[in-house]
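Protein chains in written order, with this note's numbering: chain L, 1031 to 1312; chain C, 21 to 454.
Each hint should be verified, as a subset may be incorrect.
Cut-off 30 Å, straight-line C-alpha distance, at most; resulting in silico cross-link-like pairs (DSSO-like, lysine-lysine) [what the hints assert, rightly or not]:
1. C/Lys248 with L/Lys1299
2. C/Lys354 with L/Lys1038
3. C/Lys248 with L/Lys1227
4. L/Lys1038 with C/Lys243
5. L/Lys1208 with L/Lys1227
6. C/Lys248 with L/Lys1045
7. C/Lys243 with L/Lys1045
It should be emphasised that the hints constitute simulated quantities derived from the structure, not laboratory data.
Spelled out from the first residue to the last, the chains are:
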Amino acid sequence: MNLFKSQKFSQSLSKVFTYFYLILLAIVIIYPLLITASSAFKAGNITAFDLSFDANWTLDNFRRLFTETLYGEWYMNTLIIAIITMVIQVAIITLAGYTYSRYRFIGRKRSLMFFLVIQMVPTTAALTAFYVMALLFGALDQSWFLIFIYIGGGIPMNTWLMKGYFDTVPIDLDESAKLDGAGHLRIFIQIVLPLVKPMLAVQALWAFMAPFGEYMLARFLLRTPENFTVAIGLQTFINNPMNQKVALFAAGAILIAVPISVLFFMLQKNFVSGLTSGGTKG
Amino acid sequence: MKNTELDEKRIRNATLLSIIPGLGQFYNKQVFKGIVFLAVFLLFIIEMVGFGAGALVGLISLGSIPGENHSLFMLIEGALQILIFAIFLLFYIVNIYDARKVAKLWAENKKVNTSITSIMGNVADHGFPYLLTIPAYLAMIFAIIFPVLVTLFIAFTNYDFYHIPPASLIDWIGFKNFINIFLLSSYRDTFLAVLGWTIIWTVCATTLQIVIGIFTAVVLNQKFIVGKRVFGIIFLLPWAVPAFITIMSFSNMFNDSIGAINTQVIPLIDSLLPFIDIGAIPWKTDPFWTKIAIIMIQGWLGFPYIYVLVSGILQSIPEEQYEAAKIDGANAIKRFRHITMPTIFMIAAPIFITQYTGNFNNFSMIYLFNEGGPGSIGAGAGSTDILISWIYKLTTGTSPQYSVAAAVTLFISAFVIIVSLIVFKRTRAFEMED
Chain L
1031 MNLFKSQKFS
1041 QSLSKVFTYF
1051 YLILLAIVII
1061 YPLLITASSA
1071 FKAGNITAFD
1081 LSFDANWTLD
1091 NFRRLFTETL
1101 YGEWYMNTLI
1111 IAIITMVIQV
1121 AIITLAGYTY
1131 SRYRFIGRKR
1141 SLMFFLVIQM
1151 VPTTAALTAF
1161 YVMALLFGAL
1171 DQSWFLIFIY
1181 IGGGIPMNTW
1191 LMKGYFDTVP
1201 IDLDESAKLD
1211 GAGHLRIFIQ
1221 IVLPLVKPML
1231 AVQALWAFMA
1241 PFGEYMLARF
1251 LLRTPENFTV
1261 AIGLQTFINN
1271 PMNQKVALFA
1281 AGAILIAVPI
1291 SVLFFMLQKN
1301 FVSGLTSGGT
1311 KG
Chain C
21 MKNTELDEKR
31 IRNATLLSII
41 PGLGQFYNKQ
51 VFKGIVFLAV
61 FLLFIIEMVG
71 FGAGALVGLI
81 SLGSIPGENH
91 SLFMLIEGAL
101 QILIFAIFLL
111 FYIVNIYDAR
121 KVAKLWAENK
131 KVNTSITSIM
141 GNVADHGFPY
151 LLTIPAYLAM
161 IFAIIFPVLV
171 TLFIAFTNYD
181 FYHIPPASLI
191 DWIGFKNFIN
201 IFLLSSYRDT
211 FLAVLGWTII
221 WTVCATTLQI
231 VIGIFTAVVL
241 NQKFIVGKRV
251 FGIIFLLPWA
261 VPAFITIMSF
271 SNMFNDSIGA
281 INTQVIPLID
291 SLLPFIDIGA
301 IPWKTDPFWT
311 KIAIIMIQGW
321 LGFPYIYVLV
331 SGILQSIPEE
341 QYEAAKIDGA
351 NAIKRFRHIT
361 MPTIFMIAAP
371 IFITQYTGNF
381 NNFSMIYLFN
391 EGGPGSIGAG
401 AGSTDILISW
411 IYKLTTGTSP
421 QYSVAAAVTL
431 FISAFVIIVS
441 LIVFKRTRAF
451 EMED
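Use the sequences and the hints to build the structure in full.
Now the structure itself:
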């Protein structure tokens, strides 16, 4: 009797603790995002984010963002870099991942190992080398050079992930198509490719998001403010609170975070499966 | 008997002839292939005479006349030539291998493709996998291997703000940069301090995000929870919002005098909890508190990835396993230790490792929060700089130390690769399916 009671007590205690933890964590996550986002709609010169609702609410910060700063240019620059990076990188890793999953050829295992090792090289650390290359090719301050680095840097890791996902598509499908007389290209495009769409979407999202967040190389290689990406552009608003552009930072941040988060949540189901099936085979 | 001797001779001849690519193929009666191979060989010779030889000489000398010879370009062109040479070497080996193989086919009286169409058909069939991976290799060669090669070279030169071509020359100085970093006190003290903090940072921040991630996944996986979907979406937000935005926001929030943490959060905690009075904390001006802040923020930023991963794994553990353990009298803690944890680690260990190596080079977190500050610990490094942000400062500062930066880059590349290889070997990552 007593035992039963204490068990029930400990169960409800653990329920209380569970909800306490979950709610606390939710607050810790929402608080910084909320005070940043709300600052975007506050009038006047703000120097710091905080949770106060007695401000004058306005959309003026968004207008200032596009008329008084280069934000529009930065956004376009980043969008162009992100889209080109995404298209080319996804194309390359899809071809390579498919090949490694489906074909047995001389040097396959060795080159797969090579991918695994080279994927560990922290490309961004080779700052000096990229600088020297940019000098030689006249690529300093040019976004095509950044695109080129972003594409190449992501290939080894993402080829591995693509290969892992292609491996989950049963090879019997290819075999029977081959018996029906389908060629290499037809098997690839019409039979296997549609089945890996979830992973393609995930890879596209990651390749698209990366240039938005990359700071180090962009800051080093892009020199004139007109050529900046949003990450380095927005940093100029907030690195010194006294320049009172914090509200503009918040407005600019919302215009990036909202679309990217929406894309993220739309594809969320896909990358859970991609993580556990493709990723774990390593 | 006589036959095999003839065959051996044929194979040997083909191999010997293919010392000049193409001739072996001609000998094998594959005229078209021979022409292609010979053309590639001639192209390489022309390239060597026109550009390559000069580039290699330039790489060795790095120029002798300041203002006229651009040492940097000579170095990079030399590196390019080495890459071209390596690719040619690969072709050369394939050429000899091919001549041998086809000669063997002749000897065994097997069918050999000699017409153009049949060779093209053969290439289309067997060359398909190589064709599909060429773009990946080209991109990797120029965006990863070539920069690594250039970094390797620069690390052995004296390229810094005293030696900026074309006004002055760069010279080879052997291991001097490495000796400076590892042995001489000028750089050694900074290097050791930065390396020490890099390791502490990596271990603390990554372990924190893994612990929060696993704990959250396990807590949210309980059946009775109402509003699972809502919590699930909220917990993904730190991953969904681009990290640079949140780091910059946190940087503002942790400002000593005006930031929300000191002006809003701490007063709130003080008022909620009796007998506790924390007061303002010097987040940005005291190295200790900056470090605490950075580690906590990384936990915030990084746990959702682990949480998603572990949630997926938890759902794949069959319920019967827990039921059986329950019947055997295992309590919740025991079930977690003997069923849940081993499964998680078995599947997710390689991904955990990538989290550690990722944080080892997590430039954004360190630099965007407090620019590696506060203060300086010498040789251009701030008190919270990790190796990668130190490299950034060495390269971008007012008096750039490019060659030292390159040497540190080599060090972290080697460090990360060796650690990952050891761990990958111990986990299942290297076991491939065939």
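### Message
For a quick check of understanding: which of the numbered hints are violated here, in increasing order?
### Response
none
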